[in-house]
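So you can see what is in the structure, the chains are spelled out below.
Number of protein chains: 2
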Amino acid sequence: MKKQNNEEKKSLGLTHKKEEFEKWYPEVLTKSGFVDYSFVSGMLVFRPAAYAAWQIIVNAVDSEFKKNGIEDAYFPLFIPERFLEKEKEHFVGFEPEVAWVTHAGKSKLEERLAVRPTSETIMYPSYSKWIRSWRDLPLRYNQWNNAVRWEFKHPTPLLRTREFLWCEGHSVFASKEEADNERKFIMDLWERILRDYLALPGIVGKKTDNEKFAGAVASYSIEHIMPDGYVVQGPDFHNDGENFAKAFDIKFLDKDGKEKYAWQNTYAISTRELGVMVATHGDDKGLILPPKVAYIQVVIVPIIAKGNEEKILGYARKVAEILKERYRIKLDDREGYTPGYKYNEWELRGVPLRIEIGLKEVEKEQVMFVRRDTGARAEASLGDLVEKVDVILDDIHKNLYERAKKFMQEHMHNVETYDEFKRVLKTKKGIIHAPWCGNSECEEKIKEETGAKTSNIPFDQSDLHGKCIYCGKEAKYMVNFAKSY
Amino acid sequence: MKKQNNEEKKSLGLTHKKEEFEKWYPEVLTKSGFVDYSFVSGMLVFRPAAYAAWQIIVNAVDSEFKKNGIEDAYFPLFIPERFLEKEKEHFVGFEPEVAWVTHAGKSKLEERLAVRPTSETIMYPSYSKWIRSWRDLPLRYNQWNNAVRWEFKHPTPLLRTREFLWCEGHSVFASKEEADNERKFIMDLWERILRDYLALPGIVGKKTDNEKFAGAVASYSIEHIMPDGYVVQGPDFHNDGENFAKAFDIKFLDKDGKEKYAWQNTYAISTRELGVMVATHGDDKGLILPPKVAYIQVVIVPIIAKGNEEKILGYARKVAEILKERYRIKLDDREGYTPGYKYNEWELRGVPLRIEIGLKEVEKEQVMFVRRDTGARAEASLGDLVEKVDVILDDIHKNLYERAKKFMQEHMHNVETYDEFKRVLKTKKGIIHAPWCGNSECEEKIKEETGAKTSNIPFDQSDLHGKCIYCGKEAKYMVNFAKSY
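First to last, the protein sequences are chains A and B. The working numbering numbers the first residue of the first sequence as 1 and each following residue consecutively. The working numbering numbers the first residue of the second sequence as 1 and each following residue consecutively.
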């Protein structure tokens, strides 16, 4: 059996993840049928397993949003150029990667329309119209949509694609305090969603001024360390202060009879997280999907013995019936494929739990479990089936999370000096955690000289100590540096 | 009280629906906060009540799709021009209203990209790549997305907008029979969703060859009669035969060892239905939302009596607590507004059921119901509350559906001759149901001479009789004519 598996594995032709991550990653994504390249450069096809995982995230986030008073809306895909230009920093940040609509049918448009890279500049003119008095606040709208950023760097599926799916939360408050208070809810929500659905840890913190969102006063993020040691920015939150309110004239008459600019926040989670999930959990056999977001959670593979086909298939169907009320399952009763071939296929697709059913299982009224994450096998009697599946799926989720967290922790390196910084950057993968004076110039010099950018300033600053690795002044923050996508 | 209501109503300034529907319709949509005009001509903002109704439709349709084996996927927003051109009829049909992306950042693109008006031509190159053998079929993917059609006719919110939200089902089968079999499931599903969620009836039938989808072999639709007598096409289904398979080379190796072209269908339901819903059910006071899709199903308005504020508010909160587990509710405890003002506002927004709570209700431990559809009032004791709300909401739904059906039936006119046809077209609103020879030339002549188009050929042909109203030959079909949006 082992031999057969290996042979068939080779025929799937997967690269080794540890040795050549950048080759393994797109390979595992496409060969597993999770996503595919499309016929537009840099844009993807989300196949059912990927879209289903996204739908589960959408529903989970949306229900938390609604409980907290955030409402869903939908604004136009296109943004007239004159609006995109209104907030200067924002425009400078996004203009280089805007896809422009210039014609409709045979006619040239009078004004170019940007395909939304983000929706501040099409939403806020409406906000300005709607908001008149303190009674209209807070206004907290979110939208689930597609956005386009025509990046010219090398695209990486899901992590750097020219179209992505995401949510855009855009809140307006009467006071800075209320606006600031929203941050904790959103950042905690992102952390919970990543942990409880995608089994992903991350480093929660504040972006430096250099790395904040174009147009924001302050940005916050969760950062992920990828298997190759590069860092990817996950979901985020931005305090926009009064920047956009001033650019778009979002004013309100306050209780005190005075007209004031409103305070705004924005926040987002995107399909990029699916890429982080695949990269983090997958192995040389293919995807490993966390059970909560797995399109198929349990696959049942009957091992047909000659003369006992109906006995085995009948029992497999019974197992499927028991499980299908509670789980997303697949009974793989295809003819003309060996069990080994099927095992490989479902391992490639990342199904967290496999149930094998042969003659022995039928006769003993039991099943054989095989975990995707560890390959561990375990028996269970039919009576314990549902309970055992619950326990195993839960344990798979925990194991994936713990494994990812361990990887993250092992790839965080503390340094005290710039020499140490440069040496670690050359020899080790991951994040370099260093004392920093807080000055943008030091940050820029380090980037220029080494290529490493700051990812974020962790919220947890309990280890603050020492001198800035670049200028030697007293450290104000411990900050994380890394190479990034 | 009556007087106050009337005065406040006037200040809302709604046009009379019956007298000036074309003015009433956009007014009620925007004043109620359901949608708003955006700052891009012909594109809308879906505010929370509209988006929530759409989300409910999406979830209902999606769950039926999944039970039937249809899977969700997501394909790129952009379509390279060379693909859009591949199926000639399809291209001719859509090219005049395509929004073209020509530039990205500062660079001119080598090839123009169409913003999807519909996704056949970006999906089918992938289908061609994926489908090799009969084992890969059926392939039934749907996607929920936004589409852009840059119509140059006068836009009408939700009914004719340049961007809309919809689902696109795109199925591939090994045989014509299997493809044909899908039609009944989809058309029945559309009928059920319209009836059970939006309280909308419609006329189910087949489009004539002249009016079918660009690229299809046969199109089927549900048609709605609007309050002004014009007809709007609702959800649809298209048999594409082998047309796209030949254009995009979607071939498979069948069980018999022969290579064959695949058979395809497409189908869609869009946010246009929200427009039909608003137009059909609303009245001079505003929206009337069917309870199943109402953002707020029950609004509770406390009628504060001086000195008893806390008693009344406390009781209102208790009522809200009881209802909120089961319904989407709102307790309108805003200060500074009269109950009459609040009644008008929630009537304008279309909340199906209002609960008034004054001192009498507190003392008798009861509530006062006021139905949005009929204005009828009824009392209920606190103990019966949930049960009574169930019954009333259900009855509101039925009443809206029956009212709409009656309107539809009253606006279907049978004619036997062309003279009668022309007279009815001038004097009556709605559909003209007439015998037709089935010849496209007669259909075109009638359109040229009168402006009336065929909407569809009803599935129910039990009344087939007589001679074609145009040429006098034996009728092959009873067909519906109307003026249309």
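Any given hint could be a false lead.
Identical copies carry no separate label here, and so any pair may be met within one copy or between two of them.
Here are the computed lysine-lysine pairs in the DSS-like style, where the Cα-Cα straight-line distance is at most 30 Å [claimed, not checked]:
#1 K66 <-> K292
#2 K67 <-> K31
#3 K311 <-> K18
#4 K324 <-> K292
#5 K426 <-> K176
#6 K67 <-> K318
#7 K67 <-> K251
#8 K106 <-> K483
#9 K292 <-> K67
#10 K31 <-> K255
#11 K88 <-> K388
#12 K86 <-> K108
#13 K342 <-> K255
#14 K184 <-> K324
#15 K311 <-> K398
#16 K330 <-> K360
#17 K129 <-> K67
#18 K445 <-> K106
#19 K88 <-> K251
#20 K398 <-> K66
#21 K108 <-> K88
#22 K447 <-> K106
#23 K429 <-> K467
#24 K260 <-> K31
#25 K342 <-> K260
#26 K153 <-> K398
#27 K17 <-> K129
#28 K129 <-> K483
No lab work stands behind these hints: they were computed from the structure.
Hint-by-hint comparison with the structure:
no. : hint          : in the structure
1   : K66 <-> K292  : both (21 Å within a copy, 18 Å between copies)
2   : K67 <-> K31   : between (39 Å within a copy, 26 Å between copies)
3   : K311 <-> K18  : neither (43 Å within a copy, 68 Å between copies)
4   : K324 <-> K292 : both (15 Å within a copy, 28 Å between copies)
5   : K426 <-> K176 : neither (43 Å within a copy, 62 Å between copies)
6   : K67 <-> K318  : between (39 Å within a copy, 19 Å between copies)
7   : K67 <-> K251  : within (27 Å within a copy, 49 Å between copies)
8   : K106 <-> K483 : between (46 Å within a copy, 27 Å between copies)
9   : K292 <-> K67  : both (21 Å within a copy, 20 Å between copies)
10  : K31 <-> K255  : between (60 Å within a copy, 25 Å between copies)
11  : K88 <-> K388  : neither (57 Å within a copy, 57 Å between copies)
12  : K86 <-> K108  : both (23 Å within a copy, 24 Å between copies)
13  : K342 <-> K255 : between (67 Å within a copy, 21 Å between copies)
14  : K184 <-> K324 : between (38 Å within a copy, 26 Å between copies)
15  : K311 <-> K398 : neither (36 Å within a copy, 50 Å between copies)
16  : K330 <-> K360 : within (21 Å within a copy, 59 Å between copies)
17  : K129 <-> K67  : within (26 Å within a copy, 44 Å between copies)
18  : K445 <-> K106 : between (50 Å within a copy, 29 Å between copies)
19  : K88 <-> K251  : within (19 Å within a copy, 52 Å between copies)
20  : K398 <-> K66  : both (28 Å within a copy, 29 Å between copies)
21  : K108 <-> K88  : both (26 Å within a copy, 23 Å between copies)
22  : K447 <-> K106 : between (47 Å within a copy, 26 Å between copies)
23  : K429 <-> K467 : within (23 Å within a copy, 82 Å between copies)
24  : K260 <-> K31  : between (55 Å within a copy, 25 Å between copies)
25  : K342 <-> K260 : between (64 Å within a copy, 27 Å between copies)
26  : K153 <-> K398 : neither (35 Å within a copy, 57 Å between copies)
27  : K17 <-> K129  : between (52 Å within a copy, 26 Å between copies)
28  : K129 <-> K483 : neither (43 Å within a copy, 36 Å between copies)
In terms of the numbered hints stated before, the structure departs from hints 3, 5, 11, 15, 26, 28, listed from lowest to highest.
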